[in-house]
Amino acid sequence: MQKRVLVSTRKGLFELTKSGSKWNVKGAHFVGDNVTLALHDARDGTDYAALNHGHFGIKLHRRDKGSKIWKEIPAPKYPEKPEGLEDKDGWGKDVKWTTQLIWSLETGGPKQKGTLWAGTMPGGLFRSDDKGETWQIFDNLWRMPERNKWLGGGADIPGIHSICVDPRDPDTVRVAISCGGVWATQDGGKSWSQSAHGMTFGDGPTADDPETQDPHMMVQCAGEPEKFWVQHHAGIFKSVNNARKWTEVKAKPSSFGFAVAVHPKDSKTAWFVPGIKDEKRIPVGGALVVTRTKDGGKTFKSLKKGLPQKHAYDLIYRHGLALDDSGKKLVMGSTTGNVWISENSGDAWKEVSGTLPPVHAVRWA
Amino acid sequence: MSVVPQIEGIAGILGKQKKTAISSWMRLQTHDSIFHDALEKFVACDKNFHMAMVHFTSNLRRHVDSPSIEVLATSVHQALVMAFARNERLKTYVLDDQGHLRKHMRILVDGVAIKDLEHFTDAVKPNSEVWVMQALSGG
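The listed protein sequences correspond, in order, to chains A and B. Position 230, counted from 1, in the first sequence is what the working numbering calls 230; the numbers after and before it change by one each time, with no gaps. For any residue, its number in the working numbering is found by taking its place in the second sequence, counting from 1, and adding 1000.
Here chain A stands alone, though its shape is the one from the complex:
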């Protein structure tokens, strides 16, 4: 059972633990530094933390099970850019072949101890088989011509923010890109194909082009792994056939947002955090709610008990909502530095802290 939460913030990594009936901020690491993402590897008890030092670049740290010491390990590194290569993104801007953000970090299959996947800006996907000591880029994905259609959404440059390693087969992996759709491999990364068909922006000349779709976050149901949810820039989408085809789902008070979580056993149950699209990105009416569907998107319930309902301007980033393995406990962290936990599937929330730095990501550990 997961008993900790790792909260990655603009000014450090914080650990939440429960004492009696109350969750508290217990540990603080890298205080003052920009921790953009963390990962707990349940296979061997290792924690990982990705940092963005701004001036000094992207760094990765590892804390082995039982240790109190974080050790810096190599961050994913791009290959040497061929001399004279013209490499432009979908906006026509030069692509810089250097890691600018570790935007997703996931473990490999249950039997692949030490295997990690990392998605980065400007769009490189990497794999490590030795707990991050060395990384290999998926060169075929990086060098395919379609990658030149990828473009930045809210950020200036494209990036891979979601990695779903299939629980049925760890060689089947799907990654979601803002903005580059969904790419899937069934042979451990030897070949890739576009898998965002059915997603749409609704209007515009390339509204239905899968290559430029902007899935903000993609999740796969562990117990029904053929079922997926995506919180997209233009709405909510779901797939019931291994991400081959996506259909849109409408929610109130809004279908816009970044985060999504799916129940580990029941794919029809999923959570979202709605906001006003897309240039405002604040809760509708200044009232923060989580929306939950239990019927595969036919209906949604707004969950607000314990969440601020007046003058709340919290934005929940795509990694700012996380569900534990039981499917009952949710944690949510906002750009305003608020963190809430619900232990009853979102029906009621309790504030854990209102004073943390802006939250990039939360994760159960």
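FYI, nobody ran anything at the bench for these hints, they're computed from the structure. Since this is a predicted model, take the numbers as computed values, not measurements. The reader is advised that the hints may include incorrect statements.
[To be verified] To give an idea of the chain B side of the interface with chain A (calculated C-beta under 8 Å), a few residues:
#, residue
1, Thr1092
2, Asp1096
3, Gln1098
4, His1104
5, Gln1134
For every residue, glycine included, the Cβ atom is placed at its ideal position computed from N, Cα and C.
Given chain A, put chain B in place with the hints provided.
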């Protein structure tokens, strides 16, 4: 970064006898740090020889061991090779994946910002002070 261009540059500012000595070290060289050790011994024997200094700011020292270091170099490129020879981690804090200076970093030689941020061809003289520092400090 290879140590070879650095050695060639050094050879250009040394006499024939010293060139021969360096050539023999090159044959023995299997690693940058071995070369570095040999070079230090060599410079210690030649009291008239002056080395440039490479300094890093305290902000960087908070993250990675980065003491000031004496280098034998005629260019910023050579100075950086020597400064990073014993500390690969330090290199990743200053240079990006392509070996270029990170976006918000700057290098000053004797108080003047260098111009070549990709190949570091700016000149370094004996006794030069090379500073590797952040370009922005916020406000």
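How the hints compare with the structure:
no., hint, result
1, Thr1092, "holds (6 Å)"
2, Asp1096, "holds (4 Å)"
3, Gln1098, "holds (6 Å)"
4, His1104, "holds (5 Å)"
5, Gln1134, "holds (5 Å)"
Of the numbered hints listed earlier, not one is contradicted by the structure.
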